[in-house]
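Colleague: These protein sequence lines map, in sequence, to chains R and P. Here the UniProt record's numbering is used: position 87 in the first sequence is 87, and no number is missing along the way. Here the UniProt record's numbering is used: position 225 in the second sequence is 225, and no number is missing along the way.
Think of the hints as simulated: they come from the structure by calculation, not from any bench.
Covered stretches of chain R, as calculated for chain P (at least 3 residues, CB under 8 Å): (1) 97–111; (2) 130–140; (3) 143–152.
Since we're looking at a predicted model, the values are computed, not measured. C-beta atoms are modelled at their ideal positions from N, C-alpha and C, and glycine is treated no differently.
There are 2 protein chains.
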Amino acid sequence: MTVSPFQSDLLTFFLRLKSSDLQLRFCTNETQATREKFVAKLGRLGFDISVSEVFSPAPAAIAVLKERGLRPHLLVYDGVLPEFDSVDKANPNCVVIGDAAEKFSYQNLNEAFRVLVGLDKPVLFSLGQGRYYKETDGLKLDVGVYMKALEYACDLKAEVIGKPSPMFFQSVLTDMGLQPHEALMIGDDLVNDVGGAQNCGMKGVQVRTGKYRLSDENHPTVTADGTVDNLAQAVDVILNQRGH
Amino acid sequence: MTVSPFQSDLLTFFLRLKSSDLQLRFCTNETQATREKFVAKLGRLGFDISVSEVFSPAPAAIAVLKERGLRPHLLVYDGVLPEFDSVDKANPNCVVIGDAAEKFSYQNLNEAFRVLVGLDKPVLFSLGQGRYYKETDGLKLDVGVYMKALEYACDLKAEVIGKPSPMFFQSVLTDMGLQPHEALMIGDDLVNDVGGAQNCGMKGVQVRTGKYRLSDENHPTVTADGTVDNLAQAVDVILNQRGH
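In isolation and in its complexed conformation, chain R is listed as follows (with noise of 0.2 Å):
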């Protein structure tokens, strides 16, 4: 197996913050697998972590759909469905869509869209807002794109499940028992993973990797608490503040 220096990055980090006194989460708007498969994954690559460690955005948009009794109509990778087996589905009075990819096709699309148009009151969770990401294969476009285009066919405002939802980060907070000064957030997409943390009274780090553009760090409308190089030099910073 090859370790990137990202990985092996993640990995000093995580076993450090492990070690320490503090509670970890990981947030990720990872619509195309379930959790289980993202904890064997990470596993794999030597992270010891447990499936109620790792906040996504299917199980939150489940918790919003029981709460409502609302029954999803779904677009959503195959790949995730079995996050949703617990849900009823007959008869659906919403739409999910998540980042679906080739299930993106039209005939789903006019299907997902006759869903919305026979409600009473149309009702639209996207799993995420992302615009574009970047494949092996080339750039693919991401669910917010197609949020926004069931948005305009129906004259409603789609509902964000996932970063940068302030919802979403709150229901981590809950999970761990904190107030949102207590808690840092720290990820490499300014607007989603820092802008949102903030939105929900975090501090919000940015780490120089992966999403991270020179751009980022004069951005009209969100500004990072910290910028730090990996995420070796965010839990020196973490650490050092807690007098370890």
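Given the structure of chain R, go ahead and fit chain P onto it with the hints provided.
Modeller: Here is chain P on its own, set in the frame of chain R:
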């Protein structure tokens, strides 16, 4: 051949206006067929129209492309492709989308997106901005929905060609050698036909057929200069006003 009440109404309208000294042009947002096909279809229904009397988004787009030295990447319905035969499409520096229907696949949208993000100054033209339309097998998403998707993905504003764009109506007036106050637009679509013509300085009359909805008579932004039950009634009003 079955002739619907609407077709019979349109034919009466057409023949009476043809025998007057008024000029007549047909404005359509049809982007799934060439004007030749459109004219041939109307010919079979008894309308003697030439291609030069029909205004549709594709030729309007071609005029803009040639004027601005733009070479399009096309995401349009196969049926309308022949309209673009004379256009240089090598090494594209803009994207043109029409109602591509089944061709609005995940793959084709990613491709259009990649062309746009690869440009220094991305330019997106949309042949119309409709939300959806009805076919015998159900509601279908229209080009405007995919326009919004690409606008969000690339953080840009598309240029809409076709109704209700004032530029589109102006090109028809120029062709007839008329000032806006000398022309009248009649259509069933309050926003695209009536509102678009009014924004160009023309009067706009709505017909209570096709897309007409009772709520159009109290629309928040567009008020027709007149509303008639059918085209026969519209032609009565026009010819009476002219003293025929």
